[in-house]
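With these hints in hand, go ahead and build the complete structure from the sequences.
Chain by chain, the residues run as shown.
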Amino acid sequence: MARMKFYCDPERCIECNACVTACKNENEVPWGVNRRRVVTIKDGDPGERSLSVACMHCSDAPCATVCPVDCFYTTQDGVVLHDKDICIGCGYCFYACPFGAPQFPEDGAFATRGKMDKCTFCAGGPEADHSADEHRKYGSNRLAEGKLPLCAEMCSTKALLAGDADVISDVYRKRIINRGAAVLARGVSFQDASFRAPSNLGGKSSSQE
Amino acid sequence: MRTPAHHKTVPHALGVFGIYLLGLCLLLFSTLVDAQEKQPKELPTVQMMNPAAEFWRDVRQRSAPVSGKTQVGGVETGVLINATGDRWRQFRMSQLIPISGYILGGMVILLVAFYAIRGRVPIEGGMSEHKLPRYTGYERMIHWFMASIFIFLAVTGLILLFGRPLLIPVLGKEGFSILASASKEGHNLMGPLFLLALVMIIIQFVRRNIYQKGDLSWLIRGGGIIGKKHVPSNFFNMGEKTMFWLLVFVGGLIGVSGLILVFPVLGLGREIMALAHVGHAIGAILMITVIIGHIYIGTVGMEGAIEGMKTGYCDLNWAKEHHDLWASKAEENGEALSNQEVAKMRGDRGSVPPVHSGLQESGK
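As you go down the protein sequences, you meet chains A and B in turn.
According to our numbering, the residues represented by the first sequence are 1 to 209, in order.
According to our numbering, the residues represented by the second sequence are 1 to 364, in order.
Please keep in mind that the hints were generated in silico from the structure rather than gathered at the bench.
Treat the numbers as computed from the prediction; the structure is a model and nothing was measured.
The calculated SDA-like cross-link candidates involving lysine to any residue, where the alpha carbons are at most 25 angstroms apart (straight line), are:
{"id": "1", "chain 1": "B", "residue 1": "Lys329", "chain 2": "B", "residue 2": "Arg221"}
{"id": "2", "chain 1": "A", "residue 1": "Lys42", "chain 2": "B", "residue 2": "Gln61"}
{"id": "3", "chain 1": "B", "residue 1": "Lys344", "chain 2": "B", "residue 2": "Glu139"}
{"id": "4", "chain 1": "B", "residue 1": "Lys213", "chain 2": "B", "residue 2": "Ile201"}
{"id": "5", "chain 1": "A", "residue 1": "Lys137", "chain 2": "B", "residue 2": "Arg164"}
{"id": "6", "chain 1": "A", "residue 1": "Lys158", "chain 2": "B", "residue 2": "Ile81"}
Now the stretches of chain B that chain A is said to cover, found in silico as 3 or more residues with beta-carbon under 8 angstroms:
{"id": "7", "stretch": "150-164"}
{"id": "8", "stretch": "170-182"}
Here a beta-carbon is modelled for each residue, glycine too, at the ideal position from N, C-alpha and C.
Next up, the structure:
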């Protein structure tokens, strides 16, 4: 059984925010909520990196643990979803989530707390696949069509990976090996650390002057 | 046979230990010399951080809170990992829910046991022929206003706290969701009224709740819980005064933290909201425990205790036994009324026609 995961490669993310826009449009996310966001650390400084973050679909999800009405469930694909018919909008998942995935739509008493909204891994909700109710509450259900989340599918640099955890971790592992230890441990030169065969370019240059 | 052999081994062992010690000293000295010789030759060492590890450390906020930049607006959207969330989860799941369950259950068991041992505290002199006016209509109104809001908020709050382990197995997820949703909406809508009631209570009762001379001896004698003797006190005894100040401060904490929780649009962030929840929960459990005791005394625990809050008048003998300092003064002032006069003013006897004199409202 495949276990669905997201992985964002900070060495590849170019902070284009296409994943944010794609998610917002594909799922018709409520006003004031962004299920996915790109965060840049050390913006403008050496070592600047960007990461795209949304619900990480935890194996042991804190949101599901603290929910007072037990509305979270994990699908057979390992996607963490919640039932908006049971959700009461208390916000406990918002406090507990490490990634800021569940958010309050501005709705309900004092117009401040509607039923929580979060990333669904483009897997819809508990309603029948592609039903009007499902689309209204949770957005599109691409998994039921055999497609993966749109944010990752349209990532231009393939920084954001989504899919079977085994496959995407293999992809990432290969990238790490190809980059060599240069990224992981400064002090080792790229060439020495590379697993690529040397190209014997010693002494060659584009200009002989 | 063993002791001589043992005596022999002691100096031997000391000798071996001495050799080891000597070796260690030499080793230490040699490394010192080594270091002194080598140091000038070596380049100055520079702390090289692993950039990838450093990045993930920043993401995880291991050393300091790091806020990144993001195009997405909203509360704390620049924070990649919310470091306080897991602490709050542990507090709620492994401390708040079980411990508050034990506290509330323990309080109920304690009161049942106390009732079984001590029974209902009677008015020793029996009900007298006279009554003292104790609370005005306005005072009773704000007391029951506060009481009804408190009980509503306590019940709805406890439904949200204990519903998942206790009520979902009974009602099912869908059924409990309806109850929990109604509880949450009701709790949020009625909550601000609690602060209003609290302000009204403070203004009306604060002067009579300032601690006085007799209060320490009341505390030392345990309020008369142990033994049969009554401890003299003024209008409110030390226990009632303490409950009043708990209500002011803990109730105030519950009210303010509740407002923070009701308005996520204030944008205070998850750490402050989680802290507000911790304060709200601990304060509420404390107040509910105290109020269970308060309700016990008012209902089954003591004869005549609820009369003042129910009718506005309390029995003279009850007042003399429990609030002697106030009762004797009031009696001297000629405030005592006969039961018939009180019944006439209250209009609660079928034979006596109700008299709307306005005296009940003024309490005089």
